[in-house]
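On the provided structure of chain A, position chain B as indicated by the hints.
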Amino acid sequence: MKPSLKSRLTALAVFAALAALTAVVSACGGSSSTAAPANTTSVVGVGAGAKKVEGTPVKGGTLVYGTDREPTCLDPHNLGDMPQTYVARQYLDSLVSMQPDGTVVPWLAEKWNISKDGLQYTFYLKKGVNFTDGTPFDAEAVKANFEQTLDPETQSSTNLVYLLPIYKGVDVLDKYTVRINLKRPYSPFLDVLAQAFFGMESPKAMARGIKENCVSPVGTGPFILKKWKKGQEIDLVRNPNYNSPPADANNQGPAYLDAITWRFIPDPSVRWQALQSGEAQAIFNIPPEDFAAAQSDPNIEVQQFVHAGIGHYIVLDNSEPPFDDLKVRQAFNYAANTAAAVESAYQGAYPVATSAISSGTPFYTAKYANLYPHNLAKAEKLLDEAGWKKNANGVREKDGKQLTVKFIYGSSPGETPPAELTLYQNVQAAAKEAGFEVTLVPQPLAQHNEQANIPKDYDAEPTYWNCPTPMCMYIVASTETYDSPFANMSRIKNPQLDQTLLAAAATTDRKKQAALYGKAQQIIAENAYWVPMYPEQTLLGISKKLKGVWIEPSEGEPILSDAWLEG
Amino acid sequence: MSATPSITAGGALEAPPRRRIPGQVVLRRLVGALLVLWAAATLCFAMQELSPGNKALAILGGSGARPPQEQIEATEEKYGLNDPILQRYTRFIGNLATGDLGTSYQYKQPVTSLISEQVGPTLVLVLVSTLLAWVIAVPITLLTAGRGRLRSSFGSGFEAFFAGMPPYWLGLVLLVVFAFELGWFPAIGGTSPDALLLPALTLALPLAGFLGQVTRDEFERGLKQPFAVSARTRGASEAEVRRRHVLRHALLPGVTLTGWAIGATISGAVLVEVIYARPGLGQVLVNAVSNQDLPVVVGITMLVALIYVVVNLLVDLLYVVVDPRLRTATGVA
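From first to last, the protein sequence lines are chains A and B.
According to this note's numbering, numbering within the first sequence proceeds without interruption in unit steps and concludes at 1148.
According to this note's numbering, numbering within the second sequence proceeds without interruption in unit steps and concludes at 363.
Because the hints were derived from the structure by calculation, they are not lab data.
Take the hints with a grain of salt, since some may be wrong.
[Claimed, not checked] Capping the alpha-carbon separation at 30 Å, the derived lysine-lysine pairs in DSSO-like fashion look like this:
1) B:108 <-> A:724
2) A:962 <-> A:1100
3) A:792 <-> B:85
4) B:85 <-> A:810
5) B:85 <-> A:811
[As the list claims (entries may be wrong)] A short, non-exhaustive set of chain B residues, derived as facing chain A with CB atoms under 10 Å:
6) 90
7) 210
8) 217
9) 305
10) 320
All figures in this text were calculated on a predicted structure; none of them were measured in a lab.
Just so you know, even glycine gets a beta-carbon here, dropped at the ideal spot from N, CA and C.
Just chain A, with the same shape it has in the complex (with noise of 0.2 Å):
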């Protein structure tokens, strides 16, 4: 419910820039790879990746997709919110399909190589696609893409934020050889550009215009955007010239679905319904009080896909008191009882974070989770010997003034539905035993969006952040963030994180890299910089009669070009 509503701009994006502006420890020698399509078997994320499918495939049909927001614009290379890359992957490919270990296998292009220096990373395309208006693909076309989408026109503060500071330009070497050129290595670059927000668009659609390419773009992908009746449903219809799909796609040629109607139903309730009554065959995010029956329905499959990045935390301000004492941080994660919370408040539909990333985020460790498992005694402890005392009301006090913790929030209901607070409200009872006084302040939307990045104005705050790989530590937690929106709320310090993510980002060798992350991880929770709560999560539900759907692992989108209808 929560991820569905909430105007969640890709958070992913930045990660990129970071390591970006900084001087980057480059150099470290990178070794020449011709990537190897990874083996698809070895599954990191919960539920996400082709898997084989029984049964066989029958041609036809139209599936109703149920699902929550609508995009503002369907071309993904604008903007960059969540319901735009869910819809794009039916009608965009991308260069490359990402695994949910990290690495990727071909799609649009078919190999590549990275230099030594991990600056240039050269494309080798398919050849004979064609974009669904004729246009060829080619290089020049994979050129247009990124000008466009690097274009202030297009205002995709996404892909701005993400590829400006790292993205030199673009060599066309000849008709099906493409060189992207960047200024300082950046190891997780290809699994960015698996995402439907880099999907590969017709030049001469886009040339067209924003006005026009946001309600009509055009890509190579299996099915074709046919009409987006706005308020109500995007029409697509299957691409019967399909020849480009993924490496790892189940289906290696055209749909077996004649069309798809991608319906928008805001209420969950309504959506839960429809696919109930069967005028869905797949809804988009269970609502989380239908979770345990949608999961005891003999005719409803569930999957359920827990997203990479950061997931939904709390942030601890670390530039002022309470927080920036280790020791009040640690007791605030002992004290918070996140998981009794997270239980309560979305009834079992949604899973318990307890480390710096994700579970389904590559390179994601066990080892550093769940450091503070709810522990009232140690949480006393600590304020003890930080020096805050209990009063008569049970609040602590340290030299008169009273551990209080103002934890600001957005007040709609789209972006705090009631399960959310809830959550915060249990966070809150369970702070108060040991000796906080949180106060949960409600904001408009725009006050928030100021104030949210004022950290004089708050001591905790709930964000969120989605992004394919774990480089994603380095925006919310380095210093070259410190001041950027939205980024280092926690406002951490720490130059010995910053060294380690800007390391894993300049080598391409995993073992390298697992050892890097692994390590950032482990700085993150002992320093308790923050809260985790709970992973980002995709729940599709889908009817028995649709087989063959799967998520990708990047950003959760649905794969609904390997999926057929069954009578």
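Just chain B now, with coordinates in the frame of chain A:
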């Protein structure tokens, strides 16, 4: 607005009000309407100015956007957000006057084309609900008003019950009972005709309650009026008296109320459109408000103001149709 005809007890005995020459009346009305629209526009502008938050941020993607500083500045420049207030005000009014409502921050489309795409389903819903409300209210009044205690109480109880019913709750109940449980209607029918009845009923039932209440009061008074008595003495049947004489008299307050109701129903449509997943202005407005898409908010506000103005003009005309006293008065003058 306007010389409201006397509809109180004894109204029939008063001399018919003198009317001005229609041309002059029309002109005065039009000037009045323009003033109302100008005031609405100025109010909209003031609200834009007073609304908190960075407008460039709203343009660049709202709550979740993470735009770099340079992009924010470029956007402020492009949209003239830092121009002096007077300059922005004259530009705003000038654009409105030429029918240019600007470009949506969120959709990057002209506001006029967004509205024209979405206004159809909302108008259909509003008109059908208003008609339906009359279709429900009139028979109930005819069958129960002034027909003895029991019937009367039943009728007015029904009206009070529905008049006080919150549309959001009613919408959910109708949806759960008739779409979810009984399966008579689709839950997500969108704009298909079979999906219109439940949303229209959701808006019509409370409105029918209101209309019924005012019509009943006037109806019961009318039954005791001299014109009813004289009709009866002329030998008209009771049914005929009720239908042809008293009802016509009793409709006037309801007609006035309808003018107001059409405007109010557009706002009510917001909730109904969300519950029934119907396209329309309501949904667009909700999204626009929560994303600070000010041009769209202003555009829809101005449209609703325009509808109010037009509907009230029509209501004034309708008086003449419903009330023969006004017809002769106008004809004579």
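Original post:
Was the hint right that residue 210 of chain B lines chain A, CB cutoff 10 Å?
Top reply: Given a least distance of 5 Å, the restraint on residue 210 of chain B holds.
**OP:** Classify the hint on residue 90 of chain B as holds or violated, based on whether any CB of chain A lies nearer than 10 Å to its CB.
**Re:** 5 Å, holds
**OP:** Verify the proposed pairing of residue 85 of chain B with residue 810 of chain A, using a straight-line Cα cut of 30 Å.
**Re:** 28 Å, holds
Original post:
Quick one, are residue 108 of chain B and residue 724 of chain A close enough, alpha carbons at most 30 Å?
Top reply: Measuring from Cα to Cα gives roughly 27 Å; hence the hint holds.
Original post:
Does the CB of residue 320 of chain B sit less than 10 Å away from some CB of chain A?
Top reply: This interface hint holds because 6 Å falls under the 10 Å limit.
Original post:
Is the straight-line distance between the alpha-carbon of residue 85 of chain B and that of residue 811 of chain A 30 Å or less?
Top reply: 24 Å, holds
Original post:
Holds or violated: residue 792 of chain A with residue 85 of chain B, Cα cutoff 30 Å?
Top reply: Roughly 20 Å separates the two Cα atoms, so the pair holds.
Original post:
Regarding the hint that residue 217 of chain B lies at the interface with chain A, is the smallest CB-CB distance below 10 Å?
Top reply: Residue 217 of chain B check passes; min Cβ-Cβ to chain A is 5 Å, inside 10 Å.
Original post:
Quick one, are residue 962 of chain A and residue 1100 of chain A close enough, alpha carbons at most 30 Å?
Top reply: 28 Å, holds
Original post:
With 10 Å as the cut and Cβ atoms as the points, is residue 305 of chain B at the interface with chain A?
Top reply: For residue 305 of chain B, the interface hint holds, since the closest Cβ of chain A sits about 6 Å away, which is under 10 Å.
Hint check: no violations occur; every hint is consistent with the structure.
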